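**Q** Here the protein sequences come in this chain order: A and B.
All residue numbers for the first sequence refer to this note's numbering, where the first residue is 2 and numbers rise by one.
All residue numbers for the second sequence refer to this note's numbering, where the first residue is 2 and numbers rise by one.
Rather than coming from a laboratory, the hints here were simulated on the basis of the structure.
Keep in mind that a hint or two might mislead.
Just so you have them, the derived chain A footprint on chain B, three or more residues with Cβ under 8 Å [stated by the list, open to error]:
no.	region
1	55-64
2	71-80
3	89-98
Reference excerpt, derived from the structure (chain B facing chain A, CB under 7 Å, subset only) [stated by the list, open to error]:
no.	residue
4	7
5	32
6	37
7	41
8	141
9	142
10	143
11	145
12	160
This structure is a prediction, so every number in the text was calculated from the model and none was measured.
Note that beta-carbon positions come from the ideal geometry of N, C-alpha and C, so glycine has one too.
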Amino acid sequence: MNYSYTPQSGAVKFTMILSGAVFALMMVLGLLMRAAQGEWLDIEPELFYQILTAHGAGMVGTAGLSGAAVMWYFLGRHIPLTKAVFWIFLSLFIAGVVFILGSIFVGGFAGGWTFLFPLPAMSGGLWEVGAAVSFMLGYTLIGVGFLIYYIEVGRQIIKRFGGLANALGWQLILGRKTDDIPPPAIVAAAAVVIFNSIAIVLGAAVLVVSIVNLLAPEFEVDALLAKNLIYFFGHVFINASIYMAVVAVYEIIPEYTGRPWKTTRIFAIAWNVVLIFVMAIYWHHLLQDTVLPAWMLITGQLVSYFSGIPLLAVTAFSLCVYIRGSNMKWDLTSALLVISIAGWSVGSIPASIDGMIAVNKVMHNTQWVPGHFHTYLLLGEVAMSFGFMAWLVRGKNIRTLSGLDKAAFITYVFGAVGFILVFLISGAASVPRRWAVHLPEWILQDRVGTIFAALVVLGTLGFVVRYVLGLIFENQASGDQISGDQNSGDMSSGGQPSLGQKA
Amino acid sequence: MQPLILTISLVVMAVVALLFWRSVRAASKPPQQENVGKRRTQLIWGLVVFGVFISIASLREWPHAIASGEDAIVVNVTGGQWWWEIDTEEVPLGKPVNFFVTTEDVNHGMGIYNSDMQLLVQVQAMPGYTNKVTYTFDEPGLYQVLCMEYCGVSHHDMTNEFNVVAVDQ
Ligand code: HEM
Ligand SMILES: [Cu+2]
């Protein structure tokens with residue numbers, strides 16, 4: 002692979018400090034909620050639901066932010082990207098966060114991260130219209146930032162590869178001869194640019210409509226349409242965060258296995274299938290809206306199952322093949338990146354099962370749902386981001402896992418597995434999700450979950466502190482500035498130049 | 002039903018985790034010459050065939066089918082912040098009950114729990130729409146309705162109950 006360009010490493014490193022810190026902070030909020038459900042903490046329902054809203058929006062946003070940073074970094078090897086675009090994206094993101102935090106913790110907004118129409122307008126006196134509007138403006142700012150980001154990525158991909166179809170590997174799929182095969186990062190980016198732009202535009206539409214409705218209630222919105230748009234946007238957006246972050250796996254794992262991650266025909270097909278499936282799957286959030294036409298619900302169930310195939314048979318399978326016999330070394334980076342694909346794959350199973358209409362009748366909106374999505378977030382997207390952060394400060398040589406790294410890794414993974422299992426077990430015990438106050442018979446499970454959650458927080462603090470220290474030492478060693486440093490970043494963090502830079 | 006779902010899920014999750022673990026262990030073993038492409042194709046076809054089978058099996062009988070027979074009865078349920086109105090207190094045992102569910106304000110979710118706090122069935126309550134779901138109770142006793150869709154600060158307090166009673170023929 003020929004890396005012709007240099008990634009914008011300073012901006013990305015800075016973004017990963019932000020992401021790590023916000024992940025940690027939001028996890029503490031999660032821990033507080035779990036402890037409150039277990040009655041170890043006394044949190045008023047008003048505050049609980051504000052925290053729930055902040056945790057949901059904050060985590061989804063940060064997953065998107067970190068995923069975008071990962072993808073930007075590696076795309077920077079293959080296409081020239083305008084640096085200012087990333088700074089605009091980041092500024093809009095931060096501005097959006099300010100609006101959202103203000104809306105929740107000053108304005109008292111607690112409409113949930115899904116702002117399901119018409120709840121933002123009907124708080125029962127808990128928050129004013131202004132708070133709801135501020136929340137939605139915050140989302141809109143973030144959405145605009147993402148659109149600008151995708152326009153730049155899309156534009157440069159089209160320029161370099163002569164169209165999105167080529168970048169999606171259609172030449173390969175159609176069996177045409179070509180010697181300009183797009184690298185995996187480009188294929189992934191082309192797909193994400195398409196589906197997440199659509200999601201954000203539709204998300205913006207429902208935001209605008211909701212804002213108008215808030216300001217002029219006589220303007221009516223169809224609740225079922227709004228629900229469709231919101232879940233379409235929400236589902237695609239959170240999935241996009243994983244599909245962006247997985248680029249770290251494609252680009253970093255080859256340094257360890259010595260085997261380049263290639264764009265094969267099956268790889269290209271898988272991404273094209275994902276591109277369609279990710280947009281048709283959201284109906285599995287609406288399986289209990291029986292007024293919807295049956296074909297939508299059936300599509301939701303079928304796609305929930307079949308979208309597991311590209312993940313399991315292509316991404317996971319390929320990773321396992323690359324690992325076997327590679328004699329790869331295990332450090333924090335490789336361990337986290339491998340576990341991220343494992344966690345994503347494992348987490349897709351309870352999700353697909355919940356996508357069956359018959360199962361969904363008794364599992365929907367129980368804690369089964371946070372059980373499965375925390376799996377592919379904590380042990381998926383977040384693990385990819387932490388793995389990327391560890392790689393950024395790794396230096397040129399791969400060292401084996403040090404004692405402290407090992408401790409943080411084991412604490413994190415053990416805590417996450419336990420935390421998730423408790424959610425799944427509680428879901429099977431019919432504990433509803435998003436309940437501030439739990440029945441006495443659920444308290445024990447909540448407490449066990451709280452203990453595991455504390456381990457996750459601990460492991461996370463370890464990763465984040467290690468990353469920040471790594472940046473400081475790296476800068477001391479080389480005298481670099483965090484921002485604006487373009488060249489040394491790739492050298493100091495691009496790791497083993499062997500495979501990547503040479504071939 | 003839930004214990005079965007949990008068991009199946011955990012078993013499949015464990016199998017996938019185990020496959021990863023085996024690959025990780027195999028990292029330090031000498032590389033094996035095997036036909037990767039063929040195995041991948043087998044895996045894909047295996048998953049497709051299984052998927053077709055399970056999809057047909059689980060959808061052949063439409064899970065949301067509404068009872069239309071003579072003995073089916075209708076119960077209207079309306080949600081609001083933060084209450085449930087159920088237009089009957091007693092529901093007959095052993096007869097299909099069609100729940101017609103709607104809401105006066107925001108989205109809610111009607112979840113029916115038995116006395117062991119096990120969720121039996123649920124359906125969403127949508128502003129401007131009536132969602133329908135059928136359930137046949139096979140045990141008499143007190144049942145609870147809990148809210149399954151976040152609807153504001155008293156979401157967790159939004160409960161009501163009804164009785165299932167045996168009726169003479
Ligand atoms: C220590 C780590 C974490 C803890 C303790 C935690 C805890 C929680 C709790 C208690 C809930 C509410 C459960 C309920 O509905 O009863 C929740 C919901 C949620 N969490 Fe986490 N979480 C953690 C990490 C994450 C991460 C890493 C993400 C995403 C990247 C995430 C995303 C979400 C989302 C989207 C919701 C749904 C919010 C809603 O229902 O409106 N969480 N979490
Ligand atoms: Cu509710």
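**Q** Tell me, in ascending order, the numbers of any earlier hints that this structure violates.
**A** As far as the earlier hints go, 2, 3, 8, 9, 10, 11 and 12 are violated by this structure, in ascending order.
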